[in-house]
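Novice: Each residue of the sequence shown is one higher than the last, beginning at 53 in this note's numbering.
Calculated directly from the structure, the hints in this document are not laboratory data. Some clues are possibly wrong.
As the list claims (entries may be wrong) - Each pair of labels, with its calculated beta carbon distance range:
| id | residue 1 | residue 2 | range |
| --- | --- | --- | --- |
| 1 | THR283 | TRP142 | 49 to 55 Å |
| 2 | THR132 | GLN255 | 27 to 33 Å |
| 3 | TRP142 | ARG276 | 40 to 46 Å |
| 4 | SER243 | ASP187 | 31 to 37 Å |
| 5 | THR283 | ARG154 | 54 to 60 Å |
| 6 | GLY281 | GLU203 | 34 to 40 Å |
| 7 | GLY281 | THR88 | 42 to 48 Å |
| 8 | LEU81 | GLU245 | 44 to 50 Å |
| 9 | PRO285 | ARG154 | 50 to 56 Å |
| 10 | ARG275 | ARG144 | 48 to 54 Å |
| 11 | THR85 | MET227 | 19 to 25 Å |
| 12 | GLU267 | ARG144 | 41 to 47 Å |
| 13 | ARG80 | PRO228 | 26 to 32 Å |
Here the structure is a predicted model, which is why all the values come from computation and not from measurement. Don't be surprised by glycine CBs; every beta carbon is placed ideally from N, CA and C.
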Amino acid sequence: LAKKPPPSSGDEKDGDGRRRDLHVEGARLTTGTTFTMPSPPASDGDGEATAQLAETMHSVSLTNQSLAKIMAQRPSVSITIPPLDDLVAWSRTLDDSSRGIRFVLVETLGRIRSLDARVAELNLLRVRYAAQVYDIDAGADGRPNEFGGAEQEVVCAVNEGITVALRLGADCPLMPGSVYISEMYGVGGWSDERLGVLREAVQERRCRGPVEVMEVLVSEIRRRSKEEGWTVPSTPMLPRGRG
53 LAKKPPPSSG
63 DEKDGDGRRR
73 DLHVEGARLT
83 TGTTFTMPSP
93 PASDGDGEAT
103 AQLAETMHSV
113 SLTNQSLAKI
123 MAQRPSVSIT
133 IPPLDDLVAW
143 SRTLDDSSRG
153 IRFVLVETLG
163 RIRSLDARVA
173 ELNLLRVRYA
183 AQVYDIDAGA
193 DGRPNEFGGA
203 EQEVVCAVNE
213 GITVALRLGA
223 DCPLMPGSVY
233 ISEMYGVGGW
243 SDERLGVLRE
253 AVQERRCRGP
263 VEVMEVLVSE
273 IRRRSKEEGW
283 TVPSTPMLPR
293 GRG
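The whole structure should be built from the sequences, with the hints applied where relevant.
Specialist: Structure, rendered in structure tokens:
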């Protein structure tokens, strides 16, 4: 919506010397704003292995405060497009109304596209890997962040005995570097040094989404095992899914 400022008896310029003009007063979506997360895929007979994974992740959380805090969050069942208040506020900093309106429209479409792609990405992640997806960050009052901060956390584990907590930025999975590893833990003998090497290798790739992060992580473990003689701790085989 656009609104013209009230008439002024003085100069038709604001305090910054810019001409007073129409500006975006508010914006909201008139269609659905919630993307429903698909149910986790069937285990295809690997229920016991999936249970072992959940037990492993829970055991790690009992001894690590950071992971425990992440896993105490509410599992995500949907993703909601944040209100457009932040875009409206930014549009008012532009020098004319047409640019402000264009900015709100373009950024809103980008936000919708990003979250639509994220739902598809997280579904693929849960098909290929064992993963737990948590709600988008809430503010201090417990409500979802209303100013575009659509960050989200995911905890994944792989057969090689490593559990990682991933932080998904607002542009994930469309922009390179929009996801990063916030925590990484190894069981069965992984050293902090080697975990650090793996973490750095993933960060250098500037991955777009969590699926790419996990692919890079597993690929790097296997490459170093073959080329540098790394010994991967023996862990129960976990379901890779159908992807």
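Novice: Hint by hint, note whether the structure agrees.
Specialist: Here's how the hints hold up against the structure:
no. : hint                           : in the structure
1   : THR283 with TRP142: 49 to 55 Å : holds, 52 Å
2   : THR132 with GLN255: 27 to 33 Å : holds, 29 Å
3   : TRP142 with ARG276: 40 to 46 Å : holds, 45 Å
4   : SER243 with ASP187: 31 to 37 Å : holds, 33 Å
5   : THR283 with ARG154: 54 to 60 Å : holds, 57 Å
6   : GLY281 with GLU203: 34 to 40 Å : holds, 38 Å
7   : GLY281 with THR88: 42 to 48 Å  : holds, 46 Å
8   : LEU81 with GLU245: 44 to 50 Å  : holds, 48 Å
9   : PRO285 with ARG154: 50 to 56 Å : holds, 54 Å
10  : ARG275 with ARG144: 48 to 54 Å : holds, 51 Å
11  : THR85 with MET227: 19 to 25 Å  : holds, 22 Å
12  : GLU267 with ARG144: 41 to 47 Å : holds, 42 Å
13  : ARG80 with PRO228: 26 to 32 Å  : holds, 31 Å
Going down the numbered hints, you'll see the structure goes against none, and every one checks out.
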